[in-house]
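Student: Here's the letter readout for the chains.
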Amino acid sequence: MRNAGDVVLSARRLVTTFDTPSGRLRAVDGLDLHLRLGEVVCLVGESGSGKSVTGLSLMGLIDPPGHVTCDEFWFDGHDLTTLPESEMERLRGRRIAMIFQEPLSALNPSRRVGDQIAEVLRIHGLASRAEATRRAVELLGRVGIDDAQLRARSYPHQLSGGQRQRVTIAIACIGSPRLIIADEPTTALDVTVQTQILDLLTEMQTSLGSALLFITHDLGIVAELADRVVVLYAGQVVEEAAVEDLYRTPGHPYTVGLLASVPDVDAPRKRGVALAAIPGTVPNLLEVGTGCRFRERCDRAHDRCGAEPPMITLSEGHRVRCWLYAGR
Amino acid sequence: MLGRPLKVVRAVDGVDISVRPGSTLALVGESGSGKSTLGRCVARLDTPTGGTVHFSGKDVLAAHGAALGQFRREVQTIFQDPFSSLNPRRTIGDAIGDGPTIHGLMPKDAIRDLVQQLLTRVGLRPDHADRYPHEFSGGQRQRIAIARALALAPKFIIADEAVSSLDVSIRAQILNLLLDIQAERGLSFLFISHDLGVVRHVADDVAIMQAGKIVERGPVDQIFTDPREAYTKALLHAVPRATLGRRHRDGVVARTSMSTTRPIS
Amino acid sequence: MHVTAGPWAAAVYLTVVVILAVFADILSPRDPLAIDPNNILASPSAENLLGTDELGRDLLARIIHGGRVSLEVAVSAIVLASAIGIPLGIGIAFSGRRVETFAMRVIDVFVSLPEIFVAIVILGFAGGGLTTLIGTIGILFFPQFARVAYGMARSIRAREHVLCAVSLGAGTAWIIRKEILPNMMSVIAVQASFTLSFAMLMEAGLSFLGLGVPPPTPSWGQMIGGLKNYIFINAWPVVVPSVVLFAAVLSVNVLGDWLQDRLNPELRR
Ligand SMILES: Nc1ncnc2c1ncn2[C@@H]1O[C@H](COP(=O)(O)OP(=O)(O)O)[C@@H](O)[C@H]1O
Ligand SMILES: Nc1ncnc2c1ncn2[C@@H]1O[C@H](COP(=O)(O)OP(=O)(O)O)[C@@H](O)[C@H]1O
Ligand SMILES: [Mg+2]
Ligand SMILES: [Mg+2]
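Order-wise, the sequence lines are chains A, B and C.
For the first sequence, the positions run 1453 to 1780 when our numbering is used.
For the second sequence, the positions run 3 to 267 when our numbering is used.
For the third sequence, the positions run 16 to 284 when our numbering is used.
Everything labelled a hint here was simulated from the structure, so no lab data went into it.
Just so it is clear, the structure is predicted and the values come from calculations on it, not from any experiment.
Just so you know, not all the hints are guaranteed correct.
As the list claims (entries may be wrong) - 20 Å max Cα-Cα, derived EDC-like pairs, lysine to aspartate or glutamate:
#1 K235/B to D48/B
#2 K235/B to E1590/A
#3 K235/B to E1696/A
#4 K1722/A to D182/B
#5 K1722/A to D207/B
#6 K60/B to D48/B
#7 K1722/A to D223/B
#8 K215/B to D1716/A
#9 K1722/A to E186/B
#10 K235/B to D1697/A
#11 K1722/A to D197/B
#12 K235/B to E1524/A
#13 K1722/A to E32/B
#14 K60/B to D18/B
#15 K1722/A to D206/B
To be verified - Computed far set for chain A versus chain B, every beta-carbon distance over 10 Å:
#16 R1476
#17 S1499
#18 R1547
#19 Q1553
#20 P1715
#21 D1718
#22 D1755
From the three backbone atoms N, C-alpha and C, an ideal C-beta is built for every residue, glycine too.
Take the sequences, apply the hints, and build the full model.
Tutor: Right, here's the structure in full:
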């Protein structure tokens, strides 16, 4: 692993529930997460697996009817389970920053982007009123926006999707965050723009020396970006590994199936051969009982899968929640 | 088979495409490049300001009355958004039976039987016919949309980003279904997609679109292994590969070398 | 579904008003037209539970019968307005671009007219009467329905399920009947409920001015109009129809709000 720095965030048994009219739903169910400075951790999973809820829970942004509990939650030396909300607000945006899929909703539509950046600079006490505007332009240039002077005077809707995402990255990085959480920041963008945004994001993260928790459903991005990968299925971590281990020796049948179902751009089409697919659909979180949540779709399911599978360590840093590896 | 190009399109900015009977032409390009517009012109859901569309040798844009009716039976469209492509107020049985009902092709009982057959064919249960769209997941809705398109036994299907909103594991199921049905019925496809990985595994021919123009076209393997145009190369290069390979290590090197850039605040 | 106290109270109140109005002949304690010169402008008593008016007629009986007239006028006017407005709006949405722009301009002009003055002018020429009143209010409100129907038809028409139907070969009639109408009904229902409260106020206002329901048939507005002249002799009689009307309008609005939240979560802000 590249510079395995200090642990900046450590959460144990994170549980986020939502009270819905049809019952209590456990969107995130007992997640353990440890993030180190300088590392990129990708959180992968299909839609509804609890990726966004995890990110929002870590940011302290879950509102009722949602409810977050955690056995242990340390961030940058603070015990967040006991921290008052006012302190949390100070950390948020400054020491932890979040970037969302849709930059348009993260920006104020009726204010010029330069002014929005300048305001954040002032809030964080990083620039005086006089200086803020100049610094905002500088920042826009820094995140690769051409003609920053002019662009600072634009409204968000006048920018392209990629430019908007550059602006939100600039805003996120203002407080020199120790942790950046990016929730599918490139899903709405075209591939060529996506590459640029990924480059910018990792460049910023490296220069700040912060940890990056990158949420995505795209296993291609994971392969390019991640140091470590956490695979979520129906609210639970089913596998966690260094990126090399995950792609070379995936352990969980779900991970195996997922990797197999990504069509390979570089392999020729095999006519008459079906694409690898995982049968069935993700379970309804309101209906999951005990036992492995993947067992209905699993080709290696067994009687014992009706009981809660244990988290098993295959090798250092490679953990799998599956009965296949029990008693080895 | 007809033995000649099934259809030729020339849109306003000089786009020319043709789909051979029983084959799949993939239309690839970034958002806003005009793929959907072209698809809608081909389906005669939009009228181009100039150009011609031929289907089975007949001029589509000039068709009216019975000829247009026949075109509507033989050409179907499947859309991207499984949530807006089904009418929330009608049962899926009604939705699937719409085609035959509109064209007055068969009595009610026959339509009901057909709906049940089609539901089974696309991997759903016959008793799903009485349910409403909101009771189904995105993947299941896309199956319903496919059943709906098949009800009129079309010859040609335009699939506009039909699997783009689906999760990987579900996407493969739906692609397999489309490919099986194509083989069974000898269908032709216009497959509109921005996902090059998917395109490589379903297409026979590929047309790359940029800003309303086709910049390159050819057989699928040639486009992917020996692209001529810079734009095609850039697109192919930008696709993130789900394998640990050269680019990953490049990335690490690139990122480490960037750590010298100064912090921004 | 969680329903808060407001909508409940509104629903109960309106249900009572509607039942009383529908079964006025059976439920009314007395004849609303029976004059008693010896007992005018009386406060509530065992004899007249809500007191009497300037001619000694029982107020409770007049409120019950008046509610029937008020509701009848408002509801008929709304039915008329939607019967004209909805087809018109959909028709405009499906007409050519030129017609569309022109027609919507005209509709906008209609919507921006000051309703009560237009009503006064029409009724001034045509004379009062139940039918004229319904017709006038209906005509005043149809442009609003046309506008809502037009907007909904345009937006639903762009949805993929409508494109699907077109590509299956569906004609305009089918599209409107199966795809557009069912999907706009919830919004129309909300619009209707809000317009209903306006129509009730409009009826009351016109009857108050003596342009509405001709005496001796009672309506709430007309009662308020008559009794206001005696406010310094006894304020009570004019308070009764005023409160009843106010509560009815408020209830319709509260229910309209509730319906809107319930049917269109996307409209909630
Ligand atoms: N505010 C909410 N209220 C109720 N359920 C929610 C809420 N937010 C998320 N959920 C549920 O939590 C689960 C996980 O959602 P999410 O984290 O958004 O998934 P994803 O992995 O696609 O980001 C889903 O089943 C979703 O329905
Ligand atoms: N209804 C419309 N009104 C105005 N412009 C449109 C409309 N539909 C498409 N366009 C424009 O046409 C171009 C092509 O759009 P589209 O065919 O949807 O592209 P794609 O499907 O490749 O993303 C875009 O630049 C878009 O802005
Ligand atoms: Mg999400
Ligand atoms: Mg499109």
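Student: Which earlier hints turn out false for this structure, listed by number in ascending order?
Tutor: Of the numbered hints given earlier, those the structure breaks are 1, 2, 3, 8, 10, 12, 13, 17, 20 and 21, listed in rising order.
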